[in-house]
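Visitor: Here are the chains, one letter per residue:
2 protein chains.
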Amino acid sequence: MDAHQIVGKPTPKLDAWEKVTGVAQYAGDISLPGMLFGKILRSPHPHARIQNIDVSRAQRLPGVKAIITGKDTPQVKYGVYRYCSDQLGLCIDRVRYIGDEVAAVAAIDEEIAEEALELIRVEYEPLPAVFDPQEAMKEGAPRIHDYAERNLVASPVVNFGDVEKGFASADHIRHDRFETAGQAHCALQPFSVVARFDASGKLEIWSPNQSPFVKRRVLSNTLKIPVSHVRLLKSHVGGAFGGRSEMMSLDFCAALLSKKTGKPVEIDYSREEEFTTTRQRHPMMIDIKTGVKKDGAILAKEITLIADTGAYASTGPMVVLNSPFIGLLAACRVPNFKYQGFCVYTNKPVCGAMRGHGVPQMRFAVGSQMDMIAGDLGIDPVEMRLKNAVEPGEILPYKSRLTSCGLKECIEQASEALGWSQRKGKLPKGRGLGIGLGSCITGFNLGPRTTSTALIRMEEDGEVTLLTGSVDNGQGNETMLAQIAAQELGLEPSEIRVISADTELTPQDQGAFSMATTFVTGSAVKRAATDLREQLIKIASEALEADSADMEIREKGIFIKGTPGREISFADAYQLSLKRDIPLIGKGSFTPKIDNLYSKGKHEGQLGAAFTFGAVSVEVEVDQKTGKVKVIDLAAAYDVGYAINPMAVEGGIEGSVSMGLGLALQEEPVYERGQMLNADFTNYAFPLAIDMPPIKPIIVETLDEGGPYGAKEASGQPIVSAVPEAIANAIYDAVGIRITSLPITPEKILKALEEKE
Amino acid sequence: MDAHQIVGKPTPKLDAWEKVTGVAQYAGDISLPGMLFGKILRSPHPHARIQNIDVSRAQRLPGVKAIITGKDTPQVKYGVYRYCSDQLGLCIDRVRYIGDEVAAVAAIDEEIAEEALELIRVEYEPLPAVFDPQEAMKEGAPRIHDYAERNLVASPVVNFGDVEKGFASADHIRHDRFETAGQAHCALQPFSVVARFDASGKLEIWSPNQSPFVKRRVLSNTLKIPVSHVRLLKSHVGGAFGGRSEMMSLDFCAALLSKKTGKPVEIDYSREEEFTTTRQRHPMMIDIKTGVKKDGAILAKEITLIADTGAYASTGPMVVLNSPFIGLLAACRVPNFKYQGFCVYTNKPVCGAMRGHGVPQMRFAVGSQMDMIAGDLGIDPVEMRLKNAVEPGEILPYKSRLTSCGLKECIEQASEALGWSQRKGKLPKGRGLGIGLGSCITGFNLGPRTTSTALIRMEEDGEVTLLTGSVDNGQGNETMLAQIAAQELGLEPSEIRVISADTELTPQDQGAFSMATTFVTGSAVKRAATDLREQLIKIASEALEADSADMEIREKGIFIKGTPGREISFADAYQLSLKRDIPLIGKGSFTPKIDNLYSKGKHEGQLGAAFTFGAVSVEVEVDQKTGKVKVIDLAAAYDVGYAINPMAVEGGIEGSVSMGLGLALQEEPVYERGQMLNADFTNYAFPLAIDMPPIKPIIVETLDEGGPYGAKEASGQPIVSAVPEAIANAIYDAVGIRITSLPITPEKILKALEEKE
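Protein sequence lines correspond, in order, to chains A and B.
Just so you know, the first sequence maps onto residues 0 to 756 in numbering that gives the first Met the number 0.
Just so you know, the second sequence maps onto residues 0 to 756 in numbering that gives the first Met the number 0.
Excised from the complex, chain A in its bound form:
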C-alpha cells in the first residue's frame, strides 16, 4: 500500500473549473488597449528566389500601421541545433516551401491586414523544387540549403557489435521495408500570440509555448535584444505535444510589429496556417534486415532510415537518432546493430517534435517485422517480445543504464487484459489480436539549461505559493507539482497556489517538453518543499525547544512526534519567521544526470535519466467488404515509474491512444507539388469521439531511483508509439494481410485482400 497521502491519489486538475467555465485565458483571449492585428504573407512557391517586394500600395491602405519584410529584421537564423540553424523569422531572398514567411502586416483589424497582404507585390524567380526525400538525396537534386550537400541535415551512422557476425550465425533472416506518413498535431488551440514592447524596450509576449525559458532565448537572439528584456507570460495552452517547443514566425513578427508601431500586436494562425506552417511528424522510410535464432532471439539488425524533415531542419537530427535508440534499442535487445539514418530536406512544410518523436514510425516498422518473423518461426508475438525485451539494470548498446524497467510487466498485463493467452488464434474470421510496444525517456540533454528550479513561499495563513517556470500544456502539470508540494508540506493540493510559466516571475525551468516536468521540475519542487519543511521544523524546534529530529509536519502544523498538544501552526511559524528575519521561502534545483548523444559523432552515454515503457494490445474487426477497421477493444499498459496523479496518467493514455489510432489508420497530410491538399478539419481526418474504442488503461509502477517518489514521465509517448504496431499486427491476425505503410487505410486493405486472393 502506498504510504503517501497526496501523491498517488487521483486528483482532478486544479484549473479544471476555470477551463470548463470558459474563464481560462488563452493567448487569443488577451485583449490589450490599442492592440493591432497582424497577418503574415506567405510564399505561393515551393522554392523560389525573392527578387523584389513592393509594399507601397499596402502601406497606403488606411488602417495599416506597419509592414515588415525580412530586410527589416536582424536576419538572425535560428534552429534547434546550431549547425543546422536554418530558419528566419521572415525570409530574405529565398522561400523554401509553400507557406514560407515573406512579410507581415499590422493593422487596426484583421480584415484590413488581410487586404493589405493582397496589396503587397512580391516578384519571385521560381527555382526547381524537390518533394521526395529519396530524390532530394540524389546528386544533382535542387539544393534547398547551401550548406547541406545532397540536402542532408544529418546522416548518422551507428555501429554496435558486429552485424556481419550476427547475420552469419542467424537461423533466419528477413529484409523488409516500411513507410509512414506524416501527421499533423491538430492541437485544438491554433497558434496565437500577443506581443507588446513597453516604453523601456522590454518585450512582453503571450503565446502557447512549452518552454518559456527556451523560447525567451530564441526571441532574444533573433530580435537582438538582451534575454532579460524578453518576458514570456503565462496563458493557458490548448495542447502542445511537442509542437509548441520552437519559436514560430508569428511570435517573431508580432514582436517586431509591436516594436515598430509601439502598440500591442496580436496574430492568430488560421487552421490552414496551423496545418501547413507549424510542425508535423516526420514521414519515414525504414529498411530493416533482421537475423534471429530459431527460438526468436534477435542476433543482428541493419537498418536504413530516411526521414523527410521538409524545408527546415527543426528537430530532424534528433528524430533520426530517437528512432533507433528509443524506438528499437530501448525496447528490444539487439546485440549487433548497424544503422544509417538520413534526415533530408524537401520543399515541403517543416517536420519537428511530435509526441513519440521518431519512435512510433520505428515501432511500426520493427514491430511489424517482429510479428512477421514470429510468424515465420511459429512463435507467439507476445512470447517473441518477452524473449527480446530489455530488463531492469540492463545497459543498452549505447551505454545507457535502465535504472528501472517495467517493459515485461507492460507486455504481460496489456496482453492478458484482452485474454491473449486464451483467445489468440481462436477469434472468428475477420477478428484479430495484435500487440505493440513503446519506450520513452525522461529528459534529453539540452545543454546547461536542462535544469529546473522551484521556489515555495509560506503565506501568512499557512498555505503556500509555488513558483515554477514550467508549463501546463493541458496535461495537468500544475496539479501534479502542487501534489508534490502538498505531499512534502502536509497540505492539500488546493492549499498550494501555483504560479507558472513567466520568465520574469518564476525561476529557470527546462520546460514542459522532452518529458521533463515530472522528473526534472517535480524533483526541483520536491527539493524546494523539503527546504521549506526543514526551515519550518527548525523554527518550531527552536520555539518548542525540541529536537528537530523529533518533529513532524502535518495538518498545517509542526508537531513533536508522540507529544500531542505541543505544536506550532504554519501561520504561527510564519509570524516567528518574520520576527527572526528568516524568509520562509524554500528553493530547490534539479538537473538530470544525462549525456548529449545528439552531438555529431558521439553516440554513447546516458540518453535519458530514466526510461519508460508501454505495451498496447488491441482487438480489431476488419470489414472485408469495405476494408474498414474497427477497434473492438484496447488495453494500454504504461510503466510511468510511479503515478503521482493516476487520473492524469489515465487521461494521457486515452489521448495517446487517440493519436496513435489516427497515425495507424487514417491521418495523412496529402501533397501535390508541395501544396497540402487537406489542410482543414473536414479533409484531414483524425479520430473523433465516436471512433474511440473502449480503453483499459493499466498503470505499471517500477519506482525509479531518480524521480520524485519513483516517478519517471507520463507523456503517453510509449502508448502513441505502440498503437500503429499493435493495429498492423492485429489486422494481420484478423485477415492475414500485412500492410507495411501508414496509415492503414481501407483502400490499402481492400487492395491487399484482392492481391491475397
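None of these hints come from the bench; they were simulated from the model.
Check the hints yourself; a few may be wrong.
You can't tell identical chains apart in this list, so a pair holds if it fits in one copy or across any two.
Only pairs whose alpha carbons sit at most 27 Å apart, straight line, appear in this in silico BS3-like list of lysine-lysine [stated by the list, open to error]: (1) Lys750 - Lys695; (2) Lys233 - Lys201; (3) Lys76 - Lys750; (4) Lys555 - Lys223; (5) Lys18 - Lys233.
All values reported here derive from a predicted model rather than from experimental measurement.
Here the structure of chain A is known, so what remains is to put chain B in place on it, guided by the hints.
Guide: Frame of chain A, contents of chain B only:
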C-alpha cells in the same frame, strides 16, 4: 567623497519613460473582458438610522447585474486598531456622515449604475448629529459609536518629568491656543479599483494602495475568504501620501459585486467622492503652556490637543501620539512634559494618515509659540531652536534613542541658505524671514508584519530580477531599490528588473507607508543582494580555485582582486550554478527593532528605528492691502541619513513644500452641517505651479547606523511639517501679526492687520 558607484548618484526613475508616454497602467486603465461598472449609494444624512432599503426598482432596470447592501455582506468591521475597528464596507443599520456607504450597484455601464442608484429607496430616521469635536466631547452629545463614551476614540495622557516643578523654576511662561484646518490629499489619481473573482474563488484586485500585504489581510477579514485567496496585483499609483494605506469601500464593494456577478467589476471614485469619502488630515486644536529660562531653554510644557477624526477612527489614535512624540519631542528638548490628547468622533468625513500624520499641526503650534517666546525674550528664533534642539545619541523622554540626528545642521543650513544671520531684521517693511522645523521616524510598529523580504534572481545574461512586495507610489521606490541591488552586485540600475507589489508573486513586505521603504525594504534588498553576491563569489572561487576573500564583484563578473584576466562572468556563473543545482537566488529579510508605543497605556520605547529631521526657512512678502502672502524664497534642509537617490529626495522636498504651503496658506475643507462645500478642484484651492516659490533643497547626511548605506527615510514629512511654522513666523516677521490658525488666509491677515492698527 562617496565611494559608492550607484547609490548616492542622481538617478532618473526607471519608470519615467513609461509614465511620460502614457503607457503606465493605473487601476482605472485596466479593462477586462465582460467587465461591469459599479457605483456606490451614499448617505445624504450626517447621522441617521437606516430603516429600510428597497432595491427592487433598481434591480429591474435593464443592464443592472447586481445590487448589494450591508445585509449581503459578511458584516465584519475593520479599522487600523482592533479596539476601534468601527467601519463596515457597507453600512447596515446606521450612517454616520454624509457620504457613508449604503449600497452598491454593478451594471453594464456607469450611466446605468448611476441611474440604478437613483432608483434605490432608502428610508432613514435622522439622528441628532454633532460636527464640532468640543461639542462632541460634552456629556449628552449624540453618541456616534456605541462603545465610545463622549465620542472619544482615544484620550492618551503622557507625563515625563515634573511639569509643576518645571513651571515653578521658569523665568517666563506663555499659554497659547492654536487651531489647524483639515487638508485633502488631492492625489491626482482618484481611487479606482478592478476586482475579479476567478472560478476557483480567488479574488484578484487592482487598486492604488500603499501596502498590498496589509490590504490583503483586511480584504480577507472583511470578505471572509482565506488570506491566500486574495491577490493584490500591481498597478501604478498616482500619489498616496498615506491616503492609500487602508481599504476603501470601493475595494470591498467591487470584490463583492464581482463575486455576485462572476464578472470583473470596476469602480472609479469621482473627485467629489475622493474629497468626501476617503481620508483627510485631522483638524486640531492645541493648547500649550510653556515655561522657559531667560536664555530660552525650555523647562516645561503642558499641552492639550483635540483632534477631529470624523465619523470613523482610522489612524486617529496614532495621530494624537505622533503630534507630541514626533512633532514636539523629536525636535525639541522638553525635560518636563504633560500631555492630554483627545481623538474625537464627529459626523464628518473621516480623517486618517496624511504626509506628516499629526506632526505639521503640532509644529505649527509649538513653533509659532517658540517664536512668540523668542520675541518675548529678545532671542533670535534660529538661536532659540538650536538651543533646544535634540542631538545625536540623545535619549528622548519616551526612551527612544536618536541613532543619528542632523537637526542642528538642518537649522543652520536652511537659515544660512537665505542669509539669515546677515538679513534677519534688516528686510524692508512687508518682508520677513521665518523658520520652521520637522521630524519624522522610519518604521512604526505594525505588529509582526513590520518585516520586509526581498528576492533577487540572477538571469542567464547576467542581469538580475528583484522581487519585492513593496510599492512605488510615484516617489521612485523601485528605482531606489534597484540602485541598492545594483550597488551590491556591480550592475547598473537599468540591469535590474523590479517586480513589485503583487501579493502572490512578490514576497512579504511592510508596504510603502510608515516611511518604511528605504529603511526596511531597502535593508531587505541589500541583504538579498549580499546573499546573491556571496553565492556568486562561492561559485567563482570554487571554479577559479581562489580564496573567496580575494574575490570582488564588478562589471557583471566575479574577479580575483589584483589578478586581471582570471574572472567568471555572471552569465558563466549562471551556467555553473545550473550544473550544480544551486539556484542563484538571493533572499533577505529585515525587521526594524522598534517598540509599539501606540498600544493603550504604554508610551515608552523605541518609536522608530531612526529619526529624520528637517528645517525650512522662508522669505515672504505680505501685501498689506490684499492680505496676500507671496513666498519669495525658500530653503529646505532634510536629514535623510544618506540620499540613495538625491534626485528623488530633492523631488520629494519640492512636493512637500507644495503640500506644506497649501496647508499653511490656502487649503481648507469647508463644511455646513457635515456637508463639504468645496469638494472639487475649482473651490478647493491647493497650490499650483505658479504659486510655487524658488526652492533650495539641501540634503543633510548623517549616515545612520541602521539603514542601508546610512539612509533613513525620504518621505518629505519633516519638510511638510516645517512649512506652516516657517510661514507663520515669517509673516510675523514681515508685518508683526501672529495668526494662530491654519490656513493663514488673506482674510485672517487683513483682519489681524486691522486689529493691530
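Visitor: Going back to the hint list, which numbers does this structure go against?
Guide: 1, 3
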